[in-house]
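**Student:** Quick mapping for you: the protein sequence lines, in order, are chains A and B.
If you count by this note's numbering, then the first sequence holds residues 6 to 339, one letter each, in order.
If you count by this note's numbering, then the second sequence holds residues 5 to 276, one letter each, in order.
Just so you know, the hints here were simulated from the structure itself, not pulled from any lab data.
Take these hints with a grain of salt, some might be off.
Stated by the list, open to error - Covered stretches of chain A, as calculated for chain B (at least 3 residues, CB under 8 Å):
no.	segment
1	71-84
2	144-150
3	169-183
4	194-200
5	209-222
Just so you know, these numbers come straight off a predicted model, no measurement behind them.
We treat Cβ as the ideally placed atom computed from N, Cα and C, and that holds for glycine.
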Amino acid sequence: MLKSLRRTLLGSLLWLGVAAANAADITLLNVSYDPTRELYKSINTAFAVQWKADKGDSVVVNMSHGGSGKQARSVVDGLEADVVTLALAYDIDALAQKGLLGADWQQRLPHNATPFTSTIVFLVRKGNPKAIRDWGDLVKPDVEVITPNPKTSGGARWNYLAAWGYALRLPGGSDATAKAFVAALFRNVPVLDTGARGATTTFAQRGVGDVLLAWESEALLARQELGADEFDVVVPSVSILAEPPVAVVDKVADKHGTRAVAEAYLKFLYTPAAQEMAAKHYYRPRDAAAAAKYAAVFPNITTFTIDEVFGGWQKAQATHFSDGGVFDQIGVGK
Amino acid sequence: MARRVLPGFGLSLGYTLAYLGLIVLLPLAALAVKASGLGLGGLWDTLTSAQVLAALRLSFGAALLSAVINAVVGLLVAWVLVRYTFPGRRLFDALVDLPFALPTAVAGIALTTLYAPKGWLGAWLVPLGVKIAFTPLGVLVAMIFVGFPFVVRTVQPVLESLDRDIEEAATMLGASRLQTFTRVLFPLLLPALLTGFALALARAVGEYGSVIFIAGNIPLKSEILPLVIVKQLEQHKYSDAAAVGVIMLALSFLLLLAISLLQRWTQRWTER
Numbered sequence: 006m007l008k009s010l011r012r013t014l015l016g017s018l019l020w021l022g023v024a025a026a027n028a029a030d031i032t033l034l035n036v037s038y039d040p041t042r043e044l045y046k047s048i049n050t051a052f053a054v055q056w057k058a059d060k061g062d063s064v065v066v067n068m069s070h071g072g073s074g075k076q077a078r079s080v081v082d083g084l085e086a087d088v089v090t091l092a093l094a095y096d097i098d099a100l101a102q103k104g105l106l107g108a109d110w111q112q113r114l115p116h117n118a119t120p121f122t123s124t125i126v127f128l129v130r131k132g133n134p135k136a137i138r139d140w141g142d143l144v145k146p147d148v149e150v151i152t153p154n155p156k157t158s159g160g161a162r163w164n165y166l167a168a169w170g171y172a173l174r175l176p177g178g179s180d181a182t183a184k185a186f187v188a189a190l191f192r193n194v195p196v197l198d199t200g201a202r203g204a205t206t207t208f209a210q211r212g213v214g215d216v217l218l219a220w221e222s223e224a225l226l227a228r229q230e231l232g233a234d235e236f237d238v239v240v241p242s243v244s245i246l247a248e249p250p251v252a253v254v255d256k257v258a259d260k261h262g263t264r265a266v267a268e269a270y271l272k273f274l275y276t277p278a279a280q281e282m283a284a285k286h287y288y289r290p291r292d293a294a295a296a297a298k299y300a301a302v303f304p305n306i307t308t309f310t311i312d313e314v315f316g317g318w319q320k321a322q323a324t325h326f327s328d329g330g331v332f333d334q335i336g337v338g339k
Numbered sequence: 005m006a007r008r009v010l011p012g013f014g015l016s017l018g019y020t021l022a023y024l025g026l027i028v029l030l031p032l033a034a035l036a037v038k039a040s041g042l043g044l045g046g047l048w049d050t051l052t053s054a055q056v057l058a059a060l061r062l063s064f065g066a067a068l069l070s071a072v073i074n075a076v077v078g079l080l081v082a083w084v085l086v087r088y089t090f091p092g093r094r095l096f097d098a099l100v101d102l103p104f105a106l107p108t109a110v111a112g113i114a115l116t117t118l119y120a121p122k123g124w125l126g127a128w129l130v131p132l133g134v135k136i137a138f139t140p141l142g143v144l145v146a147m148i149f150v151g152f153p154f155v156v157r158t159v160q161p162v163l164e165s166l167d168r169d170i171e172e173a174a175t176m177l178g179a180s181r182l183q184t185f186t187r188v189l190f191p192l193l194l195p196a197l198l199t200g201f202a203l204a205l206a207r208a209v210g211e212y213g214s215v216i217f218i219a220g221n222i223p224l225k226s227e228i229l230p231l232v233i234v235k236q237l238e239q240h241k242y243s244d245a246a247a248v249g250v251i252m253l254a255l256s257f258l259l260l261l262a263i264s265l266l267q268r269w270t271q272r273w274t275e276r
C-alpha cells in the first residue's frame, strides 16, 4: 500500500517535470541595464512569436535589470546570461577580459553591436526660466546642474564625456580647456546620485537644480511620465552618441546550447519591427525607415562617438574615471 | 577541572564555534583574501587616498556622533516609557521599533523628502541657513534614525527590572535626587547603555541604503565609506573594494572591542 503510494507520487512528480520542460522549450536570459525594462518586454514577445513561426519552438526570454556595472559584475560572478545588453561597451569589455566572450565582440554585429542609440540632452523646468540652450549655459554661476556620479553610473559617464566633447569642439579647444569646462560644470552640481533614476527623482520630485543631464530616452520618458506641463527637453548644439551595445556571452550560450537562438535574438533587434519598438520607447533607431517615421520625436543633433573623440572606452575610463583620474582631480560642488 | 553543572559543554562550544566560523568568519576571510590581491603597497595607496580618508572621517565621525545622541535621547525615552504611565504609552512604545521595520531605502527617501529644500521641514529650515539634505548633516540625521531603537531597547528591560527599593534606600540614606541618579541608578544602567551605544554605532557605520539618498554624495565632502566601496566595484576593482571593506571592519572591530572592555570595567566598578 505504502509502496504503491510512493510510486504514484514519484510518477506524478515525473509528469510535472516533463510538463514543465515541454511548456518552455528554450529559455534565454538577457541581462540588461535599468531603463530598458519596458522596451525588452515588447521586443521579447515579438521575438517569441517570430521564432515560433520560423522554427516551431517556443522561446521565453527572461530579463534581469539593474545598474549596468552591477549587472556586468553579476555575470562575471556566475549569473548565466546568454546575452547581455548593457549601457556601455566598457562593461561588456570587462566580461571579455574574464574570457566570457571574445574580445572582438563589438565587430560581430552591425553598428558597433549597438542596434539603437541615444544621446545626452537637458531636461529643464517648464518655460526654461534660466534660459538654458546649450552646454555653455551650464557653467553659469547661478545654474544648478543635476547628474548622477560618473563613477557609479555608466549613464553618467556619457553625460561627462558629452560635456568634454563639446568643450573640445569650441574654437581653441584643448584637453586643458575641456578640463576647465567640465570642472566648472561639476562645481554647479549640488547632489551626485548614484544612478540615473535617482538623479531624475532629485530633479523632478525634490525640485533640486535647474537642469538635469539625461539620456534622451530617459528625458522623453520623464516628460511623458511626470507631466509635459512641468518640464521641457532642450537639445544642445552637439552631444555624444550614446551607444548601449549588445553581445552573446559565448561561454554561457555554448554551455546552454543556445547560441543559435541567442544570435537570432540579437539580430532580431536590427529588424524594422524591433527598430520601431525602440523608437516608441524613445531610443533612436539605426534603421533609416524607422528613423524617418519617428523624425518628429528625435530632433536633428550633431553627435560625436566615443571612439572618435576619446579613442574608445578603455582609454576614456583610464583617463577620466579611474582613481586619481580627471574626474577625481576636478572638485564637485561649490 | 571541576565538573560543570550543565552537561554538554564540549558539544555546545563546538557548535558555537562552527556556527560563528561559518556565518561570520568565513565571509570575512574571503574578504581579506580578496584584499590581499593588492599587495601591501597597493593596500597602502588605496587606504591613504584622499577620498578614502575623507570618507573614513565622515563615516566614523557621523556614526560616533549619532550613537552619542542616540544614547542620550534613547536613555530619556526608555526612562519615560518605563517610569511614567500616560495615554498612548503602548503606542509610543511600538513606534520605537519602526526604524527597524522600515526598509532603509524607504527611510532614506522619506527623510530626503522631508529635508529637501522644497520638503516640509526643508522649506522652513533652508531659508534659516540650516541645510540638512545633501550635506554631511543629512548623513547624521539618517544615522540617528536607523540607530535610534537600539539604546531604548537595551536600557528598557534593565530599567524595568530595577527595584524601586534601591532608590528609596538611597533617599533614606540622605542622597539627593541628582545623587540617586548619578551614583546609584546610572552605574546600574551603564552596561546596557554601552551595549545600545555599540549596536547603534555599528549599525550607523555600515548603513548604506538610507544615507545614500540624503547625503548628496559629493566626493571629499559628503561621501560615506560604503559608497567608496560601491565606486570601486563599479570600476571592477574588487581588491580595492575589499581593502576598504577590511579597513572598515578592522576599525569597527576595534571600536566594539574598546566598548566591550569599557563595559567590563564599569561592571567591575559597579560591583565593588
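**Student:** Determine for every hint whether it applies to the structure shown.
**Tutor:** Verification of the hints:
no.	hint	in the structure
1	71-84	holds (count 6)
2	144-150	violated (count 0)
3	169-183	violated (count 0)
4	194-200	holds (count 6)
5	209-222	holds (count 4)
Hint check: violations occur at hints 2 and 3; the rest are consistent with the structure.
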